[in-house]
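The listed protein sequences derive, respectively, from chains A and B. Just so we're aligned, residue 1 is where the first sequence starts under the numbering used here, counting upward by one. Just so we're aligned, residue 1 is where the second sequence starts under the numbering used here, counting upward by one.
Among the hints, erroneous ones may be present.
Note: identical chains are not told apart, hence a pair may lie in one copy or across any two.
Calculated pairs, DMTMM-like style, for lysine to aspartate or glutamate (alpha carbon to alpha carbon, straight line, at most 20 Å) [claimed, not checked]:
hint, residue 1, residue 2
1, K236, E154
2, K25, E47
3, K236, E158
4, K236, D112
5, K73, E32
6, K236, E163
7, K88, E142
8, K84, E163
9, K83, D53
10, K25, D43
11, K88, D20
12, K88, D43
13, K84, E154
14, K88, E259
15, K25, E163
16, K73, E100
17, K73, E87
Just so you know, these hints were derived from the structure itself, not from any lab. Remember, predicted model here, so these are calculated numbers, not experimental data.
There are 2 protein chains.
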Amino acid sequence: MTNVVAEPVAPMSIASVERDSGLPKDTLRVWERRYGFPNPLRDKQDERLYPADQVTTLRLLRRLIVAGHRPGKIVGLPDDQLKKLLEKVGGPDDQPTAYEAEPVLGLLRSHDAVGLRNHLNAIVLRSGLGAFASVTGPRLVEAVGSAWARGDLEIHQEHFFTEQFTTVLRSSISAAEGAGLPRVRPRVLFGTFPQEPHALGLMMAEAMFTLEGCLGISLGVQTPIPEIAAAARAHKADILALSFSSIVPAAQATTGLAELRNLVPGTIEIWAGGACPGLRPMPGVYVLRGLASIGPAIEAWRSRTNFTE
Amino acid sequence: MTNVVAEPVAPMSIASVERDSGLPKDTLRVWERRYGFPNPLRDKQDERLYPADQVTTLRLLRRLIVAGHRPGKIVGLPDDQLKKLLEKVGGPDDQPTAYEAEPVLGLLRSHDAVGLRNHLNAIVLRSGLGAFASVTGPRLVEAVGSAWARGDLEIHQEHFFTEQFTTVLRSSISAAEGAGLPRVRPRVLFGTFPQEPHALGLMMAEAMFTLEGCLGISLGVQTPIPEIAAAARAHKADILALSFSSIVPAAQATTGLAELRNLVPGTIEIWAGGACPGLRPMPGVYVLRGLASIGPAIEAWRSRTNFTE
DNA sequence: TGGCGTATTTGTCTAGGACAAAAATGGGAT
DNA sequence: ATCCCATTTTTGTCCTAGACAAATACGCCA
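Construct all of the structure, not just a fragment, from the sequences and the given hints.
In structure tokens form, the structure reads like this:
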């Protein structure tokens with residue numbers, strides 16, 4: 001029930017569509033060539049003009065592709081079929097997640113900024129930062145992500161969630177840093193590869209390391225691999241912690257880790273973690289399964305290196 | 001004085017250079033055709049491979065063009081001439097910037113995480129959040145950006161600065177939100193267009209609005225235009241605040257703002273600001289020159305709409 | 001069921017050409 | 001000399017259609 005009266009929206013240029021749908025110009029053109037969709041009008045200079053409804057369909061398609069569908073099978077299908085497919089995505093295994101996430105999804109649906117912030121803060125206060133960053137947080141992120149993929153949430157609601165979540169987590173990390181002993185080691189450098197724009201996983205890891213008394217330094221997301229290596233050397237890091245969400249292709253993660261391993265001295269450990277399914281241990285790279293395993297891993301590092309605070 | 005030993009950095013693909021320099025692929029190709037620069041190597045499949053030094057030059061060129069030079073006059077010139085031109089550009093008004101930024105650049109060069117954080121926090125405490133977000137902050141960001149463009153800082157140092165700056169600013173905003181009267185109006189929604197990944201400008205604006213007692217809601221960066229519009233309606237925003245850094249082409253900013261203006265009801269005001277030089281006022285869109293003008297603008301809004309706390 | 005080699009799919013790159021919007025330039029008229 | 005308008009140059013973005021490697025699916029065998 002978005003609009004009762006159809007608004008006359010001007011058709012968009014290919015550059016606008018690229019921005020709004022997230023599909024590169026080259027892809028838009030090659031889909032048109034291969035699958036016959038999109039099927040834009042042309043202006044006087046023979047440039048593509050995309051009607052608004054086709055752009056909407058393109059957004060639907062992008063969601064389905066992110067969810068694992070293949071372009072060849074779905075590009076060109078009528079809208080109602082696409083919507084049916086979208087409903088199936090994320091289906092049955094949603095049940096366990098739903099329990100904790102339901103209030104959050106409700107707050108997102110009602111656009112309640114203050115309520116959401118309070119709710120997240122309450123979770124941190126009630127169960128502690130550790131449980132939030134390693135258990136509840138990942139579940140909420142997962143639930144919101146799949147609700148978005150399913151079409152239950154708009155993009156802007158997902159952005160909004162990310163912002164609120166970030167704010168709560170950041171302030172908790174700051175608070176945790178202030179408390180406790182002066183931090184010295186291990187010095188941990190955080191980052192993600194260039195193809196990984198997802199910051200929440202990295203931040204939850206940062207929270208866990210901070211709780212263990214590490215000195216954390218973050219580069220944020222999407223740092224080129226040679227730059228990560230240079231930073232690790234410059235900051236004299238003990239551990240390089242990399243986060244991989246499920247959007248990173250396994251092969252690229254592996255290649256990148258090997259490249260990185262080559263660029264930093266062996267005295268610096270590389271720890272990789274995240275939801276990326278293809279992450280596998282390799283020589284000189286530790287793979288952490290789940291954020292809860294960070295604590296024990298730090299303990300092990302400390303006894304391994306004979307470092308005591 | 002970055003590196004004594006030249007490191008062998010792998011040449012970049014055209015897509016990487018587009019991300020890195022902010023110049024679209026088409027422009028890179030057409031410059032090569034017209035001016036003979038850049039002059040990339042080719043890999044086995046005849047695809048362009050840009051050496052690192054050419055990418056540095058491209059960044060220099062982009063800065064000069066943003067500053068008003070014409071491509072035809074400067075593309076192809078040797079680096080030392082470009083640097084001379086660049087010095088003239090920011091010439092006299094570079095002095096005051098250098099004064100405040102020098103300690104920060106020093107801390108970045110020595111990779112002093114704790115020192116940088118303390119230094120930024122000290123500025124906030126000494127001069128206040130308002131002065132930090134509207135005066136010192138922008139100057140620091142500018143100084144770091146141009147040091148990076150000049151090649152005086154590595155990418156990872158710029159990432160590192162961004163993270164520390166973000167942390168300090170966020171916690172200050174949180175503190176400011178907690179203080180003062182309960183926040184009701186204006187309700188301000190923050191965001192950037194999809195081609196704008198720069199979050200610092202947006203956050204500094206958020207700080208200024210928060211200090212004025214507004215209720216701020218952020219979508220973070222890179223939200224598609226129709227989604228921004230949908231969020232504005234859903235959150236019943238009074239003001240939509242958009243941030244534009246200098247990497248956004250003026251034409252795209254204008255087009256996008258017009259599109260956005262069409263999509264949201266006239267009762268919601270659109271305020272645009274940022275370092276983007278081509279930002280011009282247009283019907284239904286206010287352009288704020290400088291973060292310091294946010295305060296008076298809010299006052300004006302309050303008296304215009306007869307809203308009193 | 002799990003691993004491995006082959007076939008298909010898919011995104012991104014290539015080359016030049018074209019053209020409109022933006023900017024610079026020239027030439028009166030005030 | 002200054003202002004304004006028309007003409008020329010510059011510049012970015014779009015076009016077509018082909019190519020190819022990386023990613024993925026498929027078929028086969030153990």
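Hints, one by one, checked against the model:
no., hint, verdict
1, K236 to E154, "between (42 Å within a copy, 16 Å between copies)"
2, K25 to E47, "both (12 Å within a copy, 18 Å between copies)"
3, K236 to E158, "between (36 Å within a copy, 17 Å between copies)"
4, K236 to D112, "between (43 Å within a copy, 11 Å between copies)"
5, K73 to E32, "within (14 Å within a copy, 39 Å between copies)"
6, K236 to E163, "between (31 Å within a copy, 18 Å between copies)"
7, K88 to E142, "within (16 Å within a copy, 48 Å between copies)"
8, K84 to E163, "neither (30 Å within a copy, 42 Å between copies)"
9, K83 to D53, "within (14 Å within a copy, 49 Å between copies)"
10, K25 to D43, "within (17 Å within a copy, 23 Å between copies)"
11, K88 to D20, "neither (24 Å within a copy, 39 Å between copies)"
12, K88 to D43, "neither (38 Å within a copy, 43 Å between copies)"
13, K84 to E154, "within (17 Å within a copy, 48 Å between copies)"
14, K88 to E259, "neither (37 Å within a copy, 34 Å between copies)"
15, K25 to E163, "neither (29 Å within a copy, 31 Å between copies)"
16, K73 to E100, "neither (33 Å within a copy, 58 Å between copies)"
17, K73 to E87, "within (17 Å within a copy, 55 Å between copies)"
Violation of the numbered hints given earlier is confined to hints 8, 11, 12, 14, 15 and 16; the remaining hints are satisfied by the structure.
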